[in-house]
Amino acid sequence: MHIIAVGLNYRTAPVEIRERFAFEEAALPEALRQLKDTKSILEGVIVSTCNRTEIYAVVDRLYMCGYYVRNFLETWFRIPREQMKDYLYIYEDRQAIEHLFRVTCGLDSMVLGETQILGQVRDAFLKAQAEKATGTLFNMLFKQAVTLAKRAHADTAINDNPVSVSYAAVELGKRIFGHFRGKTVLIVGAGKMSELTLKHLTAGGAEKVVVVNRTYEKAVELAARTGGTATPIDRLQDELSRADIVISSTGAAGYVLTREMVGQAIARRKSRPLFMIDIAVPRDIDPGVSELANVFLYDIDDLQAIVETNLNERRKEAAKIEAMIADEIAAFELWYKQLGVHPVIRALQQKAVAIHDETMASMLNKLSDLDEREIQIIRKLTKSMLNQMMRDPIMRVKEMAAEKRGSEAIRMFTELFALEEMIESQPERAATLASEKSGIADEGRERRPRLSVKAGELLAGS
Amino acid sequence: MLTRTWIYDAILYVYALSLLFSFSDVATKNRSAKRMGTGLLAFVWLLQTAFIVYRFWVHRYVPVLTMFEALFFYSWMLVAVSLMMNWILRLDLLVFLVNVAGFAILALNFFSDPSVTPISERWEARDELVFIHITFAIGSYAAFLVAALLSGMYLFLHRRLKGKQWTTVMARFPSLEKIEGYTFRAVLIGIPLLLLSVALGIAKIALEGEARLLADPKVLSSLFSVAVYVFYLYQRVSAKQPGFMLAFWNLAAFTVVVINFSLFNLYSTFHQWIWM
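As they're listed, the protein sequences go chains A and B.
Sequential numbering of the first sequence, starting at 1, is according to the numbering used here.
Sequential numbering of the second sequence, starting at 1, is according to the numbering used here.
Same shape as in the complex, but just chain A:
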């Protein structure tokens, strides 16, 4: 069995392509059913977000599996294969697992380290599970991916520092005020960026919003959208002395808020600090304002510099998560290798019990005058001998199964103890065979590296 990941994301496909490959929420159960019924696919999960559409599948063979997945995509989206070949990527086995872990941890996201994708992957898995599209492998793998991502976010600072200008402004505000409950936000100018920053501030608890604009109607419009109050521009000075946070983004050529204006407002504010964000170009607020005591002035370049610093910090944290991913892949591979050994051990134990029962019955026929106590002692002793004999081989085969040539060791163990029939009669037979055919365990490392986008061509041509 093999694990593959086929899909496209914001790096390989523009939005007009991504939107054509998006699975509708309501249609996802049906898509999962169809995916599961596709030839060669044993398990499947569909991750569909605004930035990516990916199909994770457990397939019985690598050869042709891409063809079947592509066929599924072609049928579902009604898009000819030639149109998708340039955008699709395919990862196999170890690369597919690594890709899933990176995606879940937010390392493959547009905003490095974001956490939304974690919830999206978890939901995708739960939906697939509800449709019974997952099995032993994906139940383990996706749970491991989600747990790893949670740990990565908890144990590193990847998500601690904002990487957008509006969030950077909010973060600065938090360093000054802590929270925005009860704070008054003054919006000067009705620009788009002001609205976005205001959205974050109100989400953080800012309660009172005052909008001042040269065109009063526009101020009323924005105030209505944000639940604030519109005020004529001639009352700007009064509002300034009442505000805690000022966001300015007018299209004015000169300074809208001069040092004198702010100085006068500060004199009427007692000891309250004033946080001013100037996101206009050319600037609205006189830079000299920042020299006033208790005023914190930031323009667009200052905010951009913060974003850059934070991005660098996130990259450093991402390197820590990459190391965690490597450990997690090793843990999954170990689990996978040992998965095949359990039916073999069980078969050996069953065989031992059967031999023991047979031998005891034969002995009791020959020694009919033994009392119950003696029978019990003999039974106990012989069982103990068997268990002791089996203990070392079982431990060894467990260890060997986790090594590089694990499947060979399991096969040899099976042949040495003649367990083939026993295994055949077990429900876990499939898993044992899977281990023997294992591509992840032994072959994954030796096989060629990522197929990546080239695989798109492979798929289209197959």
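Errors might be hidden in some of the hints.
No more than 27 Å apart at the CA atoms, straight line, and that leaves these computed lysine-lysine pairs for BS3-like [stated by the list, open to error]:
1) A:174 x B:240
2) A:320 x B:34
3) B:178 x A:199
4) A:270 x B:164
5) A:192 x B:164
6) A:199 x B:164
7) B:240 x A:199
8) B:162 x A:270
9) B:164 x A:174
10) A:316 x B:34
11) B:178 x A:208
12) B:34 x A:270
13) A:174 x B:162
14) A:174 x B:34
15) B:178 x A:174
16) A:208 x B:240
17) A:143 x A:174
Each pair of labels, with its calculated beta carbon distance range [what the hints assert, rightly or not]:
18) B:5 x A:312: 29 to 35 Å
19) A:331 x B:49: 55 to 61 Å
20) A:331 x B:90: 30 to 36 Å
21) A:251 x B:27: 42 to 48 Å
22) B:57 x A:151: 41 to 47 Å
23) A:217 x B:238: 40 to 46 Å
24) B:267 x A:268: 45 to 51 Å
25) A:151 x B:5: 39 to 45 Å
26) B:240 x A:208: 23 to 29 Å
27) B:238 x A:264: 42 to 48 Å
28) A:268 x B:90: 34 to 40 Å
Residues of chain A clear of chain B, computed beta-carbon distances all greater than 12 Å [to be verified]:
29) 115
30) 164
31) 172
32) 184
33) 231
34) 302
35) 364
36) 367
37) 415
No lab work stands behind these hints: they were computed from the structure.
Don't be surprised by glycine CBs; every beta carbon is placed ideally from N, CA and C.
With the hints as your guide, set chain B onto chain A.
Just chain B now, kept in the frame of chain A:
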């Protein structure tokens, strides 16, 4: 003496280890290091408590009367306060700074003479009034130290924000508003404790019938310390000063307390805190 040495050494080593882990957390936001640091700090507190209990058992009095004991008790109180802050307020950086101060005091105290008493030899050292006077004073010093560290943090963060010098370390700081609030609360705890301590000291002097000691430099400087903090409090309540000026005032008040604690004992006629 042997017990003192090994347990004191153990406290110092474990405390240093705890600080190393805490520093790792502060510098690189290493959560597992934080857990380790906090665990070791709790262990330090337990060892310190055991040490205090042992001394109480041996000497049959609450060990805060000698120079060594008073500073040890101060360090114990700082560890207790930092553990509480860690649990309730989650101020990692402040907890770290408080413990750096606690460790420094503990390490410095290692060289002090355990037999030196902080009060006049003529007075009964085990007097309840003196005991409460010392514990209240230690409590107020702990509160003032926390307030001073907070003010230092305020000034650092304020300068960074004003100068637009953003670093990710700043994200570990509480907001200016919060720091100011915590400072105010710490001073609010410290002032009554110091006031009560001074009042008890004066009561003791009155009970001893030595009124001339009321004009002792130590008494006067203690009253001055209270006055400086009351002035800070007034500035804060009247909201006339911006936050960074209040932080300056608070640091100035703490400097007065440190001078009162360390320098004026030398000039006092009855309140000698001889270091070694």
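Hints, verified against the model:
no.: 1; hint: A:174 x B:240; verdict: holds (23 Å)
no.: 2; hint: A:320 x B:34; verdict: holds (17 Å)
no.: 3; hint: B:178 x A:199; verdict: holds (23 Å)
no.: 4; hint: A:270 x B:164; verdict: holds (23 Å)
no.: 5; hint: A:192 x B:164; verdict: holds (24 Å)
no.: 6; hint: A:199 x B:164; verdict: holds (23 Å)
no.: 7; hint: B:240 x A:199; verdict: violated (32 Å)
no.: 8; hint: B:162 x A:270; verdict: holds (19 Å)
no.: 9; hint: B:164 x A:174; verdict: holds (15 Å)
no.: 10; hint: A:316 x B:34; verdict: holds (19 Å)
no.: 11; hint: B:178 x A:208; verdict: holds (21 Å)
no.: 12; hint: B:34 x A:270; verdict: violated (39 Å)
no.: 13; hint: A:174 x B:162; verdict: holds (14 Å)
no.: 14; hint: A:174 x B:34; verdict: holds (24 Å)
no.: 15; hint: B:178 x A:174; verdict: holds (10 Å)
no.: 16; hint: A:208 x B:240; verdict: holds (24 Å)
no.: 17; hint: A:143 x A:174; verdict: violated (35 Å)
no.: 18; hint: B:5 x A:312: 29 to 35 Å; verdict: violated (48 Å)
no.: 19; hint: A:331 x B:49: 55 to 61 Å; verdict: violated (41 Å)
no.: 20; hint: A:331 x B:90: 30 to 36 Å; verdict: holds (31 Å)
no.: 21; hint: A:251 x B:27: 42 to 48 Å; verdict: holds (44 Å)
no.: 22; hint: B:57 x A:151: 41 to 47 Å; verdict: holds (46 Å)
no.: 23; hint: A:217 x B:238: 40 to 46 Å; verdict: holds (43 Å)
no.: 24; hint: B:267 x A:268: 45 to 51 Å; verdict: holds (47 Å)
no.: 25; hint: A:151 x B:5: 39 to 45 Å; verdict: holds (43 Å)
no.: 26; hint: B:240 x A:208: 23 to 29 Å; verdict: holds (25 Å)
no.: 27; hint: B:238 x A:264: 42 to 48 Å; verdict: violated (21 Å)
no.: 28; hint: A:268 x B:90: 34 to 40 Å; verdict: holds (36 Å)
no.: 29; hint: 115; verdict: holds (16 Å)
no.: 30; hint: 164; verdict: holds (14 Å)
no.: 31; hint: 172; verdict: violated (7 Å)
no.: 32; hint: 184; verdict: holds (14 Å)
no.: 33; hint: 231; verdict: holds (26 Å)
no.: 34; hint: 302; verdict: violated (5 Å)
no.: 35; hint: 364; verdict: holds (60 Å)
no.: 36; hint: 367; verdict: holds (63 Å)
no.: 37; hint: 415; verdict: holds (46 Å)
Hints 7, 12, 17, 18, 19, 27, 31 and 34, counting from the list given before, are not met by this structure.
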